[in-house]
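A.B. asks: Here are the chains, one letter per residue:
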Amino acid sequence: MRVNRPDWAPRDVDMDRASAARLYDFFLGGSFNFEVDRELGRRVATVAPAVFDFARLNRAFLRRAVRFLVSQGVTQFLDIGSGIPTAGNVHEVAQRVRPGCRVVYVDNDPVAVAHSEVLLAGNPHVVAVQADMRDPGALLNDPGTARLLDFSEPIGLLMVAVHHFLPPADEPERLMARYREVLPLGSYLALSHITSDAVAEQVSALVELYRESTHPVTVRSKAEVATLFEGFELVQPGLVFTPQWRPESPEDLDEHPEHAGVYAGVGRKSALG
Amino acid sequence: MADEQEPSARDHEQGGALDPGLAEFARLWTGAVITTSNVPLSRKELRGILTGFAEVLAESLRRADPEAVTEIGRGLVAAQLVGPHALDATLRVVGRSLPAAAGLPQCPETTNQVIDLLGALSAGYMDALREHIFGQQETMKKAVFRARDAAERALRASERRFRTLFSESVVGIAIGDIQGHIVSSNLALQEMLGYSADELRQRTAYDLMPAQDAEDMAKAYRKLINGTYTSLRSEQRMIRGDGEPIWVHIAVTLIRDENGLADYPVVMIEDITDLHLLQERWRHQTLHDPLTGLLNRALFLSKTETAIGGLAPGERVGLAVFGVDGFGVVNGALSDEVGNRVLKTIADRLRGTVDEDTGLLARINGDRFGMLVLRSSARGVVEVAERALKRISEPIAAEGRQLSLTASVGIVERPADRAEPTELLRDAEMALGWAKLEGKAQWALYEEDRGGPERRALELATQLPQALVDGQLSLEYEPLGKLSDRTLAGVEARLTWEHPELGVLGPEEFLAAAERTGQVGVLGRWVVREAAEQAAAWAEEFGERAPVVCIGLPNRQSCDQDLIRQLMSVVDQTGVRPELLQLEVDQSVVRDRDGEPLEALSVMVDNGFRVVVSGVGAGGSGPLALAGLPVHGIKLASGFVATLGDGDKPDPTAERAIGTAVSLAHLAELTVHAAGVDREQHAATLRELGVDVGQGQHFGPPALPFEVEPMITSGTVDPEW
Ligand SMILES: C[S@@+](CC[C@H](N)C(=O)[O-])C[C@H]1O[C@@H](n2cnc3c(N)ncnc32)[C@H](O)[C@@H]1O
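As you go down the protein sequences, you meet chains X and H in turn. Note that the numbering used here has the first sequence beginning at 1, numbered continuously upward. Note that the numbering used here has the second sequence beginning at 274, numbered continuously upward.
Take the hints with a grain of salt, since some may be wrong.
[To be verified] Derived DEER-like restraints, expressed as beta-carbon distance ranges:
hint, chain 1, residue 1, chain 2, residue 2, range
1, H, V443, X, E171, 36 to 42 Å
2, H, A470, X, S71, 53 to 59 Å
3, H, E852, X, E35, 50 to 56 Å
4, X, Q72, H, V443, 39 to 45 Å
5, H, G533, X, E171, 51 to 57 Å
6, H, E404, X, K222, 41 to 47 Å
7, H, A470, X, A121, 29 to 35 Å
[Stated by the list, open to error] Part of the chain H face toward chain X, derived, beta carbon under 8 Å:
hint, residue
8, G304
9, P313
10, S315
11, R316
12, K317
13, G356
14, T412
[What the hints assert, rightly or not] Negatives, chain H to chain X, calculated, CB over 10 Å:
hint, residue
15, N532
16, D598
17, A670
18, D690
19, E720
20, V742
21, L977
Hint data in this document are derived by calculation from the structure and do not stem from the laboratory. All residues carry an ideal CB built from backbone N, CA and C; glycine is no exception.
Let's have the full structure, built from the sequences with the hints guiding it.
C.D. replies: Below, the structure is given as structure tokens:
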């Protein structure tokens, strides 16, 4: 029993400020967002026009990573920070390659979760859970998670474009240790993270504006992102900019992959961590 | 990574039967659309899908059968190509590259088929896109209610959440009572309909719809209440507070109480007027006149061209334009319905007089109908026209009365090898003018030397060479100002002729004739040289501040092979920097007969000149027309600007049309100029729409070089003297 109310306890829905999930939806061209989000989104786009590419290429990485994991035999996924469902959701991608794949979607944004629930209604292999990744206990013990995932079989843990919403004070490396611990051997971690190693000006302008949202952003260097993979063995090609991660066609790669602004990688848990 | 091969793409690769031209086309298409959407597919998968589509498109193009193409339009939406530019990009690629990829010859026939195909493609796309939007609306709605539901457990937070969703949604939302009264409405709805919340409370939803739509809606709503329908959607018109109709999607959900009885309706309304307009425009550009089912003007012209092209040497064509006498009176005195009835009847009667094999019919505009007669003789055409006039004058029954109307007709008839469709139409319309002058129910045959003002223009044209020598011609410079702050953005060279007998003449009085007589070449060269010299002189004197000088190239000259050579020699001789010269090419000639951009455009750009397409909006130029031209900017025609009207508020349709043109241009990173900005009001509207530069009375009249100089010094069009 908890006595204190930690700051990650489900927040009251805050509609006066833009949220990460709805901003991301806006950048992907979706229409599940509100005027506060669009207003901030437009300002971000003015100072950081590359943000549309950040989002689109990140989303494409997510898709390739899921396909890769399915090809490696993974049939169950835990998608933390899943956002508002848009076309190309994890379960659609996975189930297209292999019907029957199971997915638990987790987000701490109640509106994103409400949206997921609506879209997922009636799909027995998929569930949406409202939880905060900073509370692994609650997240992993949620009845939805427990019902759908079998922790004796490899799991695909997706943490795509979420860690940058955790400030250093949240100690993301420690959190990762906790998640790694519960994952069975042969499980995978797919992770991406915004960086200011390239297009630094645009990224810092973006960070500045995101302060106004419910989800301020922390950027990390390549080395810092790499520490999040501790206990996982990075698969080829390692930690790279999103378009460089196993591109499906040479045309998808242009001369400046670093303009994608986001590092991405997939690691495998191969020994007891 | 062999394990990641996608089945669809692999099929095509191994099938190997695919024609290389089509494969390349599919590759281009994929590249063009993949970044327009958050496509949840790999490039290969998308290419696999588009390859399949390309085969269907190519096949229907070869068979000239656009029907199957509608499905492809829907397929694009199914493939999630729903980003704001996906359709544009597709139309562009298909329009440009499909014919060659399908192995079709470049000819007007092909062009027609491509137009039909693009029309069908976008119709299918729009249709499916609407459904797609509907789906999203529905989800949004459910999420709204779910959010509220969930919140009923934590009431306060949820009430606030619901209210925020309600008040911030872009979709209009109304909550009603069972009778259809509007109990509460959100801001989006109030703005969409132009009523305040209070005003809406005093109305039922039906009060806001045209009678027919209201009746249909009421019927459907009753079925919703008694349970026959579980949900209700409709696409229809509503009438705004200011009387302006808009197109909307409506979705009605009935909230039931614990006992399952109808409690109250929630209505979501989305304004789709723009979508509708876009589709209408395509339909209009590509298909027939919706009222009469006849060809429209654009299609008539292109079919006329094809038909003439198929004639043997020595054969002749005739073209007649019919105009209903006093139609404005009929329409004004009676109702629009009667007017439409009349037009339909006339269309039917005209159909009865032409032979399907040798003639074409079209509604040119308003009450004007065109008729093409192939392998004609002057006598033959006149006979057909007289027969048609007689049929038209038979009484027409409309709304319980018998109307007696007459029509007049202008006729042109000439050998096929001298017949150019737009000229034929123009001459026939001129002849129609003469016929009307002679009284009702007349016909007149076009005669070359009868165009009064025409003849004067021709005479002037012949005097031009001497006038040049005598120094009667000079250039004035019309200031161009930035709309944002009236900074001087350049000047446009304007030819004037101080005629010894006729006084000062503007170019509009003699330029068109000069084009026809071929004088324009000499004149154009003179203008280019004179303007370049002035630009060079200003550059010398004012350095960096020197203004760009715009030169409107006469149409003939734009296509002229010599143009480039001449421009370069002027640059050489005057030492002017090419970027100080802005060359303006009229939109009607920026593409060659095959729809390819004039080669001259890119050569001019490559040589450092600024190039702008002028006359935009003056007709014909749909969204495709300007796409992908290698130019720096566009200039809206003064006629287009004038459509904003004289009122305090700009005409909304014109505003939307201009806004669309501006955003398309800005998308393509083109600067947008506007000509004919005479009114403060127009300047304000254009500024808001994002137009960059304006010219016209609002920025001052054409001026002599010494009057321009203070503007250069002060950097604005309002110099301190
Ligand atoms: C940029 S979106 C990424 C969506 C998706 N993973 C993708 O990459 O396409 C980030 C999501 O993380 C969620 N998020 C941020 N902080 C979180 C936290 N502490 N716990 C759970 N979700 C969080 C946000 O609400 C948002 O939906």
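A.B. asks: Could you run down the list of hints and mark each one as holding or not?
C.D. replies: Verification of the supplied hints:
Evaluation of the 36 to 42 Å hint for V443/H and E171/X yields a pass: the beta carbon distance comes to about 40 Å. Against the hinted window of 53 to 59 Å, the Cβ-Cβ separation of A470/H and S71/X comes to about 56 Å, which satisfies the hint. Our hint of 50 to 56 Å for E852/H and E35/X is violated, since their Cβ atoms are close to 42 Å apart. Look at Q72/X against V443/H: about 42 Å separates their beta carbons, and that is inside 39 to 45 Å.
A hinted range of 51 to 57 Å holds for the C-beta pair G533/H and E171/X, which are about 52 Å apart. The hint said 41 to 47 Å for the Cβ distance between E404/H and K222/X, and at roughly 45 Å that hint holds. Distance hint check: the CB atoms of A470/H and A121/X are about 33 Å apart, consistent with the given range 29 to 35 Å. The interface hint given for G304/H is met, as the beta carbon of that residue sits about 7 Å from the closest beta carbon of chain X, less than 8 Å.
Among the interface hints, the one on P313/H holds; its C-beta lies about 2 Å from the nearest C-beta in chain X, closer than the 8 Å criterion. Annotation: S315/H was flagged as interfacial toward chain X, and the flag holds, the nearest CB pair being 4 Å apart, inside 8 Å. Because the smallest distance between the Cβ of R316/H and any Cβ of chain X comes to about 4 Å, under 8 Å, the interface hint for this residue holds. Interface restraint check: K317/H against chain X, minimum CB-CB distance 6 Å, threshold 8 Å, status holds.
For G356/H, the interface hint holds, the least distance from its beta-carbon to any beta-carbon of chain X being 5 Å, beneath 8 Å. At its closest, the beta carbon of T412/H sits 6 Å from a beta carbon of chain X; the interface hint therefore holds under the 8 Å criterion. N532/H, annotated as away from the interface, keeps every beta carbon of chain X farther than 10 Å; the closest lies near 24 Å. Interface exclusion of D598/H from chain X stands, the closest Cβ pair being 52 Å apart, more than 10 Å.
Every Cβ of chain X is farther than 10 Å from the Cβ of A670/H; the closest lies at roughly 50 Å, confirming the non-interface assignment. Remark: the non-interface label on D690/H is consistent with the geometry, its nearest Cβ contact in chain X lying 49 Å away (cut-off 10 Å). Consistency note on E720/H: stated as away from chain X, and its beta-carbon is indeed over 10 Å from all of that chain's, at 60 Å minimum. V742/H, annotated as away from the interface, keeps every beta carbon of chain X farther than 10 Å; the closest lies near 56 Å.
A cut-off of 10 Å between C-beta atoms confirms that L977/H is not in contact with chain X; the least separation is 42 Å.
In summary, the structure is inconsistent with hint 3 from the numbered list given earlier, while agreeing with all the others.
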